[in-house]
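Engineer: Single-letter residue listing:
There are 2 protein chains.
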Amino acid sequence: MLIFNLMTEKEKMKYAEMTQAQLQSELEIQKKLYEKFKSQNLKLDMSRGKPDSEQLSLSDPMLTALDSGEKCVYDGFDMRNYGILDGIPAAKQMLADMLEVPSENIIVCGNSSLNIMYDMIVKSLIYGVSAESTPWIKQGNIKFLCPAPGYDRHFSICQSLGIEMITVPMRSDGPDMDIIEELVSSDPLIKGIWCVPKYSNPTGITYSDEVVRRFARLKPAADDFRIFWDNAYAVHDLYEEGDKLLDIVNEAISAGNPDIVYEFTSTSKITFPGSGISCLAASQHNLNYIRSIMTVQTIGFDKLNMLRHVLFFKDISGIKKQMEKHAQLLRPKFDAVISAFESELRGCDIAEWTHPRGGYFISLENKYGSASKVWRLMSECGVKMTEAGATFPYKKDPNDSNLRIAPTYPPIDELRAAVEVLVCCIKIAALEKLILN
Amino acid sequence: MLIFNLMTEKEKMKYAEMTQAQLQSELEIQKKLYEKFKSQNLKLDMSRGKPDSEQLSLSDPMLTALDSGEKCVYDGFDMRNYGILDGIPAAKQMLADMLEVPSENIIVCGNSSLNIMYDMIVKSLIYGVSAESTPWIKQGNIKFLCPAPGYDRHFSICQSLGIEMITVPMRSDGPDMDIIEELVSSDPLIKGIWCVPKYSNPTGITYSDEVVRRFARLKPAADDFRIFWDNAYAVHDLYEEGDKLLDIVNEAISAGNPDIVYEFTSTSKITFPGSGISCLAASQHNLNYIRSIMTVQTIGFDKLNMLRHVLFFKDISGIKKQMEKHAQLLRPKFDAVISAFESELRGCDIAEWTHPRGGYFISLENKYGSASKVWRLMSECGVKMTEAGATFPYKKDPNDSNLRIAPTYPPIDELRAAVEVLVCCIKIAALEKLILN
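Top to bottom, those sequences are chains U and H. When the letters of the first sequence are read in order and numbered with the numbering used here, they come out as residues 56 to 492. When the letters of the second sequence are read in order and numbered with the numbering used here, they come out as residues 56 to 492.
Some hints could be false.
For identical chains, the list gives no copy identity; a pair is met inside one copy or between any two copies.
Below are the EDC-like pairs computed for lysine to aspartate or glutamate, each with C-alpha atoms no more than 16 Å apart in a straight line [unchecked claim]:
1) K69 - E487
2) K126 - D115
3) K126 - E109
Since the hints were made in silico from the structure, they are not lab data.
Please put together the full structure from these sequences, using the hints given.
Structural biologist: Here is the structure:
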């Protein structure tokens, strides 16, 4: 550890203020360190927002929450059989309480909220957003606004379906609303926007009340414009006092704009990813229309899994207790990453990072545009990260600065090891930018 | 019961051979009987192919087959977490054995095979059936062939998506292949055909080997033509000696036509409808393409439910044992309907019915084109049946003759009661056609 300690002494100096000779010497030190890491044949993964196995075990009792045929009869209905297209009432209520919307504004779906989002776009393309509107596919080259850095899988959906993406900058209180209002009011081909409003993926910020209200009051040129509100981290607080997000479904109703938003969430990171339940919250008018198509699409979603969740949690307070347990496991991991950044990078002034109070990601900005270089160095050293650029439409980060760090999955020792490598790679990449050839 | 016994004496005479006076007198008898039924305020349901609660209970042990976190780790993978896009290997193997195809030709999906079928059509519309082909939606007014009587939900998918339906007659060994070969070879806008090849919905027949081979060897004018092979009743035999269906996936490979077919099945009527697992079987080329879109659509399907099925059944022999138990419960119900028809209708020569050896339905042909009248009479008497016409595209039965009977859901006493009413309604409707005004 000697070499590491020596280094931290040096780091009190900003890299930008170093002479070329100092930069060269620092680069040599970091490269030696890097070679040491490389020789360890690491195999670490900070790439995706996955719960670790301790988190998964929190939900093991749910596996037996529904353990007899008798228990499958609930509210007078045998959930083992066909029927109930849009979700069992008790699950609607629980998820409604989670999103703080009335349960009549909820449809409970299958195991993947991403799949509902994809499906809602496909429905809008083929059928239009309402019985009265024209299918998007018949309206020419439609576009989506994409606040970025954002969630790569949202962008992949647009790209796959041939929807043009327009990048909108993210601020600390949400996306830039001036730009959004300007764009949607002038271009009727802009049909939607992607939002992760709470503990945003990847920046971890939560939209301010003012931003939510401006969304709810949007007056788009397209009357079939929809906000895709992916509230994936609605209850995923890391600290007792979580961020507060204003509920957009109610705000949109109050603003006389009830149909403008589709809200999504799931229990993927509450119970079991891939075996959770998901839901869509929207206006009655939207939901009636959606049900009219759903009835052709499927006979219904997995009601036994809905019931399993209901029996396990009882109600929203059960979910909140579960989330406190998740937080206890996750806080040390977030702390480990952030404290390493603070002690190793703060003085160098070569990067900035977020301090999220919830969610699954830490976002890191490389001041000298070296994100892809960092990613390559990490990869060559056996540490997997979300690819540089992935947080932007078309995977093109205009400044090549953003990296998404997913600290949840690796055990804490491995995470610490991975962050040591990361710090070293960030330094090397910055130094190489600063050194004149 | 006296009146009923008197009646059966009369029925030895064919209605067509009765004088007008005899017909009138028979009508009076039947109408009296009908009024008696009506006064009972019945509430019976023979409308949908749902298992009854005894059948559902057969799968109750599956609820606890996956009862600990440790058991969720299977083949070295923690099924509680994200990952594995196209189904867990053990579930692939089990469903492959059920369809008698290699497991590499299988993708395991969510709780609804209907939903996969819908989704495969949507994919073909938006993306095309392969990376090289043109999306169906860009090719004008595309069409599907619909052997009829057939499954109403297949037809609803086409109707919802604006795909023109062409009715093809059903024979006792499958749909009319001469007509199909003629149509698909001449019209490149015909893009698909719906098939329920085993214990066909609703006629209960199984396609002959020759029909399957002719399907596998089809040479459509459209190179993006696909057979939608809904093998919903693959293992749903009522008798020890079940019908044998030739496997089309292998036949299509042998015929040098590997990409022509998508085969679907699910465990909806093996375990729990709505909480089963489903799969798609197709050529490697098709599956690779489908996976490339699936990866945008979803992070994956419910692996814990797949594993629950694997642990419950162990392998295909477990499924077969389960199906024998289902058969024991279902045989008396099919027998009750058919023996009532035999004793009450055979002599009258006003209807024909199928004697399925598996599946979920009995199909009834009203000789004098009175199916919608029968349905109305049943409905007014409190007995729900699948609507007349539902088994045809656009709900239009050209002869107004077909009725689908679903004997599985009601308890046997209720089923017997419902069939008594049905026999009476069939007679009234036929008599009213035969009586000259």
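Engineer: A separate judgement is required for each hint: does it hold in the structure or not?
Structural biologist: Hints, one by one, checked against the model:
1. K69 - E487: For K69 and E487, only the intra-copy Cα distance (15 Å) is at most 16 Å; the inter-copy one is 98 Å.
2. K126 - D115: between (18 Å within a copy, 10 Å between copies)
3. K126 - E109: Answer is between; shortest inter-copy Cα gap is 15 Å, intra-copy 28 Å.
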